[in-house]
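Residue numbers (the working numbering), protein chains in the order written: chain A, 1 to 989; chain B, 1001 to 1201.
Some hints here could point you the wrong way.
Each computed DSSO-like pair below joins lysine-lysine, with the alpha-carbon atoms no more than 27 Å apart [stated by the list, open to error]:
(1) K506/A x K386/A
(2) K127/A x K386/A
(3) K596/A x K277/A
(4) K1123/B x K1028/B
(5) K596/A x K1028/B
(6) K596/A x K1123/B
(7) K1123/B x K277/A
To be clear, the hints were calculated from the coordinates, so they are not data collected in a lab.
Bear in mind that the values here come from a model prediction, so they are computed numbers and not experimental data.
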Amino acid sequence: MSSHRLSGEGAIQRDRTLSFTFDRRGYTGHPGDTLASALLASGVRLLGRSFKYHRPRGLLSAGSEEPNALVELRAGARREPNTRATMIELFDGLTARSQNRWPSLAFDAGAVNSLLSRLFVAGFYYKTFMWPAAWWERLYEPAIRRAAGLGRASREADPDTYEKAHAFCDLLVIGGGPAGLAAALTAGRAGARVILCDEDFLLGGRLNGDRHQIGGESGALWARRSEAELRSLPEVRLLTRTTVFGVYDGSTFAALERVSDHVSVPRPHQPRQRLWKIVARRAVLAAGALEHPIVFGGNDRPGVMLASAVRTYVNRFRVAPGRRIALFTACDDGWKTAFDLLEARIDVPVIIDARREIPPALRAQGSRHGVRIMTGAHVLGTRGGKGVEAIEVRGEDGRVSRVRADSLAVAGGWSPNTALSTHLGGRPRWSEAIGAHVPGDLPRGMTAVGAACGELALAGALRTGAAAGREAAGSAGLEAPLEQWRTEEEPVGFARRWSVSGHRGKAFVDYQHDVTVEDIEIAAREGFRCAEHLKRYTTLGMGTDQGRTSQLNGHALLATLTQREPADMGTICARPPYTPVAIAALAARARGPQFKPCRLTPSHRWAEERGAVLVDAGEWRRARWFPLTGEADWRSTVAREVAGVRAGVGICDVSTLGKIDVQGADAGAFLDRIYANMIATLPVGRTRYGIMLREDGIVLDDGTVARLGECHFLLSTSTIHAGRVMRHLTHARQVLWPQLDVQLVSVTEQWAQMAIAGPHSRELLMRVLGDAVDVSGPRFPYLACQEFLWLGRPARLFRISFSGELGYELAVPARYGESAVRALMAAGGTLGVVPYGTEALGVMRIEKGHAAGAEINGTTTAADLGLGRLVSARKDFIGRVLAARPGLAAADRPALIGLTPVERSARLSTGAHLLRPGAPATLSHDEGFISSTAFSPTLRHWVGLGFLSRGRERIGERMRAYDPLRGEDVQVEIAHPVFYDPAGERVRS
Amino acid sequence: MVDPTCGPLCAFAGLPAIAGSGDGVVAKERDGLGIARITARDRQLAALERLVQRRFHLLLPKGARRTGCGEVSLAGVGPESWLMTCENAGNAFAIGLRDSLGGPATVVDLSDAYVMLRLAGAKVRETLAKLVPVDLHERSFQVDDVAQTVAEHMAVTLWRLGDLAGGEAVFEISVGRSLARSLHGAIRESAAEFGFVFEPA
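Just chain B, with the same shape it has in the complex (with noise of 0.2 Å):
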């Protein structure tokens, strides 16, 4: 039996860090996410959402709005389907769902699938007004809104974190693994002129 040779990959990895000057916008690498589908299974939604609370002490959010609870977060993705997150917690976190949650629902593992950037910063939603067709204006897109949606023609979604004490906006955007060096570019040139900065995991 061979030991691979390497560990996992950062999707980001070689990536410029910097962009223009100053640091109008601030991307950080959210890596080691336990990321996980759960749509529930037919006529077990209640029943997932008794499960979901009392495992997780969280209410299943209707549409396309966003949870979260210490290191577990929710966002409605789909009807009945919702993305699961857990820091640092990788591909054991879905088998662990499964065992929790299987019953009423069906589990995917996805922490691979999705590659994540927490974008701050005080031109973050001028950055983003470049990429995706959202409002973003603070009324609009409030904190713990979520949007799937497209940037320069990836699928991404985007969720509004909670402002930071300055009252800075905290965006988290997704997109499929095989796309990272794609929107990092997309971001990164989209940022230049107000100063980017990346910060890898």
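In isolation and in its complexed conformation, chain A is listed as follows (with noise of 0.2 Å):
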């Protein structure tokens, strides 16, 4: 295959090979090249297949709006499906394949679809799999989700990296072509906080692909000159490589930034994209606009470019599309693309301008270059096999005739780039100036300047970027003079044709998903009028692409076939991402083990010296239990921790509880408002058990409160709310009573805290705490708490117990904790003391028929759980209005009760329904359920806590446990909850 390259400078690195593959044949290309630039310049201009139809296709742009040119990119973890040919900087080793083609690109079994064209045609699904309705799940959507989806993602873990930064802005320029470059400048010299970003890894826009003069030089050497000064800036960043892709409230917009894509494997600790989140304080849309083609028929054989695209392989990647490259075009514009074709000596059989007139000067240069010129010509149809070799052009005079050419160049016109305008519900205006969309109301401190603002012309784009560079500049306090560039004077001239009436072949609009005229055609008779609805007919401007080169003309042709004007018609609103962005850049550094941040216990460093087995409860990883070597299961390390505990001493970290230390003349008042029960009573030294509620009656959460002076309380709460209960109270005294003396302090990260709890946890702390407290029973009894000093550092003893043994929680700075445990393990040795974990945690408070999370689940009333007693009825306090509603008050509402197993061998699940014996197993009969289960080793069997209708009533009383997700039926007992000590005498002890 002969080069197409061009000689000439270019943007390219010609003393610098690189090597690539595309469908595993070995390639050349240079550094600036893109993936499609280097392989049109080595004459490949197949590069992929058509989703529905399988029709061979070639480039269309050169840019991200690239409907055609999909292509997987590199191999193995690293293959990235629908990647854009035009969009992929070339590097050296890069690997490419084509997609949604079998067995070759060349030879694809699936353009057999194309023979059943006249069957796929829009809403083909919706009226063919609609009967017989009992083949839908068996045989239409298996066989649909087959065919749908393009490209194959890798099945391997991602390898690379990703991360997420912020940015802050006086102005945020969205492009970097000459508009954007303008304002960057304009702003930027005046010393405000500039980003430009831009999705090209080359600054410039048009002035890399389009010849112009600014200032005497080359338009391409002043975007260079441009830059560079932009970079000496300090208070200016270039992003390129960087699509910002979603404008958000607050004037926030994310941006994603290819960091590593253009080098085969990121450098070390470089991640492979960034996702940046900019908080702009004005922002200028400076993102171009998009050409059109014109739909005619064949338009999607390769080889039929638009102009514009053709102009940037020429000029800025010096290579030729074709050899034999003719016009058609609707505007002044395309003819540039003839001019620049003739310039590199390019052979342009023809220009066809739609037009009847055009403007004499474009005509005598064309003439100039003996190029034949066709006006008010249109092309029908093109042939040839997997590309261009010929075209059908009528002329003014309604003769068809053949010309021969091997590309064809189309230009329909320009349409501002719309789509970040209107992310916060902007709706684009037609202007009938341009024949376009220009952008409507935007997003609050957005200026749209140059092309994406319908400035068409290159005096325009800077003249409106250096205005907007300057009012942005001048928003931030900054004084900037209005710069000026000289340019010379650009015919704009155009004249609409979406479409050629009475095209040869199929003529598609939308390139990506095949959408034809016929398919328009059939929306419009069926009734989708509206640009939304045929979107979602047809799926016009739905895939990667989001039918950048296909909206306009879509529209328009609809708008026509329903005798409308495009300005009536409207168009869609484009929402975020602007072109795909991958799920790994979102997620960032948050996958994996760090899905999110851990919180470590002060004894986690010990607890894994013991080879404790982890658990993430919450933001917290605990010590689930602690196996001996030997032991057969967890449930034996679980049972013998338990029996430790019960039949001697054992030792939790249970500083994950939430604590609020809560201080003030008013602090006794405070609380007696924010419990249901009493506080205010509770004398100094002394702990008592509370619970909170909702606003709705509902618990919110129990704990202790302890009163440590006589405006001192420390509450604890349970580890899962131990925020938001933070937040309730903030909530209560900032802004409920303000006018109380209330301070409040979350103390959770303060303090360490043990649970010490069994017969012999009073002589294990006699031992370590010597003569720092007195402990023994009548000096220290249940609930009793206080503080003092231990080795010179504060300390406070709490006799509470969770686990129904006479227990004490002792807590130290957080720093000692591990040093406390360590000291306690080893002053009970000779005690026999074990460390247990989460589990035997649960396991003792259901024997002792605590509630916890499953119960306090947020639907459970006090009196649901058996906590009615507490409830004051002496005071208010936050929920008790709404706990007297009917339906919370209700006699019959379910209420915490115990339940055994009646074949005492048989296990109990969580989750299973309480139902009468032999009552029909369905929803109607269902009583109740169980919340809490587990295998007790102190009765020796399971024993469980649930709710049940009129529960307390029932004790005794024999239920259905029915759990048809794990199958299983079980004859239960209910049972009062506690069952183990009811009398509460052990922590009395």
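Relying on the hints, combine the two individually framed chains into one complex.
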């Protein structure tokens, strides 16, 4: 295959050669190439197959709007499907494969779909797969799912890393073309903080693809010099390879920086991509405009290309897309392509302009080159195998002739790139001046400039860009002179041509989704008159390109078919993201073990040393159990830990429970309003169990309140609700009762707190604490608490018990938590002290009938939990009024009960439904459920807690515990929820 | 009575001391700080202000600002509430404060609740930009500014100290002790491309 590379500089580095493969065949290119330009330079123009009909497709564009040239980039774990060849910056060793074809790109069996194309028209699915209904799940859906989707994702874990970053600026410039550069230069020179993002790796936009003059130098050179100047400004940040893909509230923008996509493997410690969250005082939308094709027969044949893309390949990449390139245009701009081709000594057999009248200057320039010019003419169709070989043209006189050409450049006119202007709900507005939509209501602080606002000529782009840059600098309190640059005059005349009547062969409106003129006609006939409905019915504008090259033509066609003007037709509202964003970039570091931060307990290192099995409990990582060598399974470990506590003494790190310090003259009164039970009457040096309700009367949390001083309380909360309770209290203090003298501080992190439980716990504490505090029964009774100094450091002791045994909780400053555990373990050696984890903790609390998260689950009242007697009738508190609602006070509400299996060896399962024996297993017979279960090593059978309608009146009754999920059906006996030491003698011993 | 078998545990013990090459970010553990939260009691703000000025020669900063004198610093972290630190004072600091400020203020010892890192280096802002949604530009986040924010879902307090002689910015970031390892990991990995050096206490 001979080279299509032209001589001359362009924007590629010819002194270096890069090797790459496409469909396993080796090619070369240069730094500065894209995969598309390098393949084109090697004469490859068949790059893919279309989605539905598997038609051969080549490059349409040279940018991110590319609908056809989607390839699989890289291999193995780094394989990325649906990557646009026009956006892949070439690197050495790049591998790419075509997709959606079998067995090969050149011969694709799927092309048989083309023969059935009369079947596969718009609405085919909706009409065909309606009947018989029973076939949907068995046949239709699986078959459609197999056929759906494009490209193959790698099934291996992504080996690369991704990260997020925040940025703030006075001005965010979206797009680095002439308008964007002008804005950035103007604001940047004034000292404004500017961020300029461009999806390309080369700044300049159309200045690289076209031949412009700015101030006497080439546009490309001006772009290079501007870039260098911007890089020298300390407050300006240039982000190339970066797509601003979303606009969000609060002047926030999301951008994706492809940090390492242009290298085969990211450099050490570099992410593959970085997600930027940018907060900008002002934003300039300088995203340019997109050129539209014209719809005619065979307009998808490889070799048919946007005229501006042809110029880009010629001028920027120095590649001739063909040897003999015809031009079909409806605007002055298209003529530039012909002139640039002629300049590069590429044969232009004909310039076909759909307009009858064209500027004399253009005609003269064309004639000077001796090019055949056809005005008022239209391309009806193309001929060729897997590429254009000839075109059929209908002249102004109606005669059809055939012109030999291997390529056809098509210039349908320019349409501002309005996508980001609509993310916050703005609607594009039709502009008769340019025959396209321009941004309508812009997000606050955003200005559209240059081609993005309809200023299609270079002079206008520079002028509007500079004005917006100056305005943005002004809003940051900076004075910026209005920059002016000298450019040449450009003709920008046009006559809109959406499609060609009488076309020959299939005429594609949306290339990626194979939507044809016929499909639009069907949609119009069937009443889909709205742009959004057209999209859903025909899939026009869906897919990775989101119809950037098809929306305008499709909507204009529908307008014509329904006898409306494009202005009345409207268009769709684009939503983020502008171009596809990898999920990995959105997740960034939050994956695998780093999915969320992990809170470690003060005794974590000690627990790890002892071989504890750890469990993530909410934010915390806690010891679940401490296995010993020779133990058969976790259940025997837990049974040993429970038995060790019940018969001797055990230690458990309970630092994760929330701890809130409440002080102030009104602290007692405040807590009386927070808790359902009385708190103000609690004597100093004592602890009390308390429950707090939500405003709606449901229990929010439970815990203990210790009174450390007259005006000093310490609250404990459940681990899971610690943050929520702190917010609840803060709201009450700051909003409900700001007049109270109350100060709140979370001290959860300050104190390491160890539960010491079991009949020998007092002995153990005496050994450890010595004279620091008197823990003897009479001096330190059940529910006592005390602050003291231990080894010269503050410490706190509470006589409270979750296990049902004689128990204490010892609190020390967190950094001493580990040494405290080691001291307790050392002192308890002869007492047989056992460390125990969350599992044993859970077993013992179920044996003791304590409600926990499964019971205090956001649906239960104090009465449901058997705590109704705690609720004070002598005071007001949050939740009091709504707790008395008829629904919450009904006698037949499910109440907390205990459950034991009638057959003692049977296992109980959490979630089982409670049914009367013999009752059918239907919802209407459901009377309750099991909330917590455990095998009780103490009782040697399973026990459970649950809720049963009128449960407390039904102790001794037998029910079915029916668990269809696990296929279990067990007969259970309703019991009092406290299985162990119901009189509470052990905790008071 | 049993003597504990080991002393205080450094929250960052055993964590990697370097990542990448170079010293774009240097994180130094701030250990031994006495940290206390002081909150003015109802209608006692003026009295507290007088007391703090007399005792520590400091004015209570207004809003999210920080001030320091000698070994003591004060940072505004809430309505009429400050985080007060003292070098090498440990838990004794809060006990002493309770005696001196306990009349007009509630004093709560948080010396163990937080771990703190002092961050410096040429790339400290670039690194923090990956972690906190705060504009750290020198004009936006000035010397002695304080931010209570989040770093990768962790509640952190961040403040800026005076620049080094060469103009290099210095920040201190603190997080709940239980999150020390997670914060260290987040900073280490974010700084790795610039080179990260950790100096334990």
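Checked hints:
1. K506/A x K386/A: With Cα atoms ~15 Å apart, K506/A and K386/A stay inside 27 Å; holds.
2. K127/A x K386/A: Distance ~33 Å between K127/A and K386/A Cα, so the pair is violated.
3. K596/A x K277/A: holds, 19 Å
4. K1123/B x K1028/B: Measuring from Cα to Cα gives roughly 15 Å; hence the hint holds.
5. K596/A x K1028/B: holds, 24 Å
6. K596/A x K1123/B: The hint holds at about 25 Å.
7. K1123/B x K277/A: holds, 19 Å
In this structure, the one hint that does not hold is number 2.
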